[in-house]
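Peer 1: Here is how the chains run, residue by residue.
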Amino acid sequence: MTAVDPNFRVDTPPAGRPRMPRWRVRLSTWLPFLLPALILLGWEAGSHLGLISTQILPRPSAVLTKAWGLLLSGELLTHLGVSALRALTGLAIGGSLGFALGLANGLSERSAILTDTTVQMIRNIPILALIPLAIIWFGVGEVSRLFLVAISVFFPIYINTYHGVRNVDPQLIEMGRAYGMSRRTLFRRVSFPGALPSIFVGLRYALGLMWFVLVVAETLAAKAGLGYMAMQAREFMMLDVVVLSILLYALLGKLADMITRALEVRALAWNPAYARH
Amino acid sequence: MLDTSQTGAEVRLSGVEKTFGTNTVLSRLDLTIRSGEFLSIVGKSGCGKSTLLRLLTGLDQPTRGEVTVDGHAPADQRGEVRLMFQEPRLLPWASVIDNVAVGLPEGGTLANRRAQAEAALAEVQLPGKAQDWPASLSGGQRQRVALARALVSRPRLLALDEPLGALDALTRLVMQDLILQVKRDDGFTAILVTHDVAEAVALSDRVIVLDAGRVAKEVVIDLPHPRSKGHPRLAALEAEILDAIFAKGRD
Ligand SMILES: Nc1ncnc2c1ncn2[C@@H]1O[C@H](COP(=O)(O)OP(=O)(O)O)[C@@H](O)[C@H]1O
Ligand SMILES: [Mg+2]
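Residue numbers (this note's numbering), protein chains in the order written: chain H, 1 to 277; chain Z, 1 to 251.
Bear in mind the hints are in silico, worked out from the structure with no lab data behind them.
Mixed in with the good hints, there may be bad ones.
Claimed, not checked - Ranges between beta-carbon positions, derived for each pair:
#1 Z:Asp243 <-> H:Gln171: 54 to 60 Å
#2 H:Leu263 <-> Z:Leu110: 22 to 28 Å
#3 Z:Glu17 <-> H:Thr185: 53 to 59 Å
#4 Z:Gln131 <-> H:Trp23: 28 to 34 Å
#5 Z:Lys229 <-> H:Ser28: 19 to 25 Å
#6 Z:Glu17 <-> H:Ala273: 53 to 59 Å
#7 Z:Pro127 <-> H:Ile246: 56 to 62 Å
#8 H:Arg188 <-> Z:Val220: 43 to 49 Å
Idealized CB from N, CA, C, for every residue including glycine.
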C-alpha cells in the first residue's frame with residue numbers, strides 16, 4: 001500500500017544533507033505557484049482582449065471582486081464554515097470507524113476473517129449509487145450528507161490502516177516479544193508507528209474523496225454550503241459565483257492536503273522519505 | 001569488573017526435542033552450559049541453530065524435554081535472558097537512546113532508564129549518537145545499538161544469532177573484540193551462533209557442531225585471550241571443526 005519500506009536502509013544521514021541557500025529555499029517555496037499565476041494572468045488578459053467570452057468564463061478580477069463582496073456580506077464565510085464543518089464531521093465519524101476496524105483487523109486474525117470480506121464487497125459499490133438509499137433512510141437532510149461523506153472516507157482509511165498494521169516488519173514484532181513487550185506496548189511502540197506511513201496514505205486519499213462526495217451531496221439538496229452556493233448561482237446565471245465556489249473547493253482541498261503533509265513531516269521525521277528537504 | 005561465576009547463568013538442556021509438523025529439527029539434545037561460559041554453535045544452514053536459541057531464550061517451547069536457565073524456565077527471567085539477531089531490528093521511529101531503552105524491563109523512572117541506556121551506549125562505544133535516528137547509522141553502528149539494547153538490562157545469558165553475519169570483514173573484527181570486552185566486563189554466559197568457524201574459535205571457550213538435531217562434535221578452545229589470529233593451535237582447531245561439519249554432510 002505504501003511506498004515506504006519500514007525497514008529501509010539508508011546510509012547517508014538526512015541531517016547531513018547540505019542545506020539549500022536561503023534564496024533557493026524561497027524560490028522553491030514560490031515556484032509551484034508560478035504556473036497558476038501565469039494561467040490567471042493569461043485568462044485575465046484573454047478576457048480583456050475578447051478571446052474568452054465573459055458569458056462562458058468570468059474574469060478572475062470579476063471573481064475576486066465578487067468574492068470580496070460575499071466576504072463582506074458574511075455570506076461566503078457562512079457557506080465555507082458549513083461546508084468545512086460537514087467535511088470534518090464526516091471525516092471524524094467515517095475516519096475513526098475505518099481506523100478502528102482497520103486496527104482490529106490488522107491485529108486480530110479472527111476479526112479480519114469475520115469482517116474483511118464484507119467490507120471489501122461493500123467497497124466496490126460506487127458511493128454515489130448509495131445516494132437514493134441514503135435519502136430513503138435519512139431523508140434529504142444533514143444526516144444523509146454526513147452519511148455519504150463518512151462512508152466515503154471510511155474505506156481508504158480502513159484499508160490503509162489494515163494493511164499498514166499487517167505489513168509491519170514481523171522481525172520487529174518478534175524483537176518486541178523477545179524483549180518482553182506487553183501487547184499494549186507492542187502496539188504502541190511497534191505496530192502503530194509502523195503502520196503510520198500507510199495510515200497517512202489512507203488519510204490523504206480520504207480527504208480527496210471527502211471533497212468529491214461533499215460537492216455532490218451539497219448540490220443535491222442543501223440550504224447552505226459551497227455546493228448550495230454554486231447551485232443557487234447557477235439558477236441565477238451568476239457565473240462568477242459558480243467559478244468562485246469551484247476555486248474554493250480547490251483551495252480547501254489544497255489546504256487539507258497541506259495540513260496532512262505538515263502532520264506527516266512531523267510524525268514521520270524518522271523516515272528519510274519524509275524528511276523535510 | 002564483576003565476578004563471572006556470580007553473574008553468568010547456567011543453562012541446561014535435557015532430552016530436548018523440537019519438531020515442526022513431521023520435521024524433527026532437534027532430537028534428544030543434552031547440553032549443559034556453565035555459568036560465564038562462552039559457547040559457540042556452528043553447523044550447516046537449517047540445522048536448527050536458531051531454533052535452539054529460540055528455545056534457550058523462551059521465544060519458543062520444546063516439543064519434548066526441558067530447558068532451564070538457572071533452574072527456571074527461560075521465559076520467566078525478566079530481562080535476564082537476551083537475544084541479539086543477525087539484523088539490528090531497531091525501531092526506525094525511535095531515537096538510538098530510546099531503542100536501547102527497549103531492552104529495559106518496563107517501569108522505573110525516566111531519568112533512571114535514561115542513565116542506564118546511556119551507560120549501555122557508552123559500553124558499546126557509540127558516543128554522541130543518542131539522539132540520532134537509526135537510519136542515519138552505518139550497519140556496524142546499528143549492530144552496536146542492538147548490542148547495547150541487549151546489554152542494558154544486564155542479562156545473565158546473552159544469545160547471539162549470527163550477529164555479525166551481515167557486516168563487512170573489518171567491522172566484524174572490531175565487533176568481535178567488542179563482544180569479548182563486554183563479555184569480560186559483564187560476565188554473562190554467552191551463546192553465539194555463527195557460520196564463521198574462525199570467529200567461533202577466536203571468541204569462545206567451547207564450540208559445538210550441530211548436525212541432524214544432535215551435537216556432532218564438541219571442541220574445547222583452551223587458549224587464553226587475547227588470541228592472536230595466526231596461532232597454529234587455533235588453525236588446527238578450526239580445521240578440525242570444519243572437518244566435522246563437512247564429514248557429516250557426505251554420509
Ligand atoms: N516456525 C517454524 N515452522 C516450521 N519450520 C520451522 C520453523 N522454524 C524453523 N523451522 C525449520 O527448522 C529448521 C531449522 O531452522 P533454523 O533453526 O532456523 O536453522 P539454522 O538457524 O540452523 O539455519 C529448518 O528446516 C526450518 O525450515
Ligand atoms: Mg539461523
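Peer 1: All the hints need checking, so say for each whether the structure fits it.
Peer 2: We went through each hint and held it up to the structure:
Separation of Asp243 of chain Z from Gln171 of chain H is about 34 Å and departs from the stated range, judged on CB atoms against 54 to 60 Å. Checked against the hint of 22 to 28 Å, the C-beta distance between Leu263 of chain H and Leu110 of chain Z comes to roughly 26 Å, which is consistent with it. Range check, Glu17 of chain Z to Thr185 of chain H: Cβ separation about 33 Å, and the 53 to 59 Å hint is violated. With their beta carbons about 31 Å apart, Gln131 of chain Z and Trp23 of chain H fall inside the hinted range of 28 to 34 Å.
Hint check: Lys229 of chain Z to Ser28 of chain H, Cβ distance near 53 Å, so the stated range 19 to 25 Å is violated. Separated by about 46 Å at the C-beta atoms, Glu17 of chain Z and Ala273 of chain H break the suggested range of 53 to 59 Å. For Pro127 of chain Z and Ile246 of chain H, the hinted distance range of 56 to 62 Å is satisfied, since their beta carbons lie about 58 Å from each other. At roughly 46 Å, the beta-carbon separation of Arg188 of chain H and Val220 of chain Z lies within the given 43 to 49 Å, and the hint holds.
Of the numbered hints stated above, those contradicted by the structure are hints 1, 3, 5 and 6, listed in ascending order.
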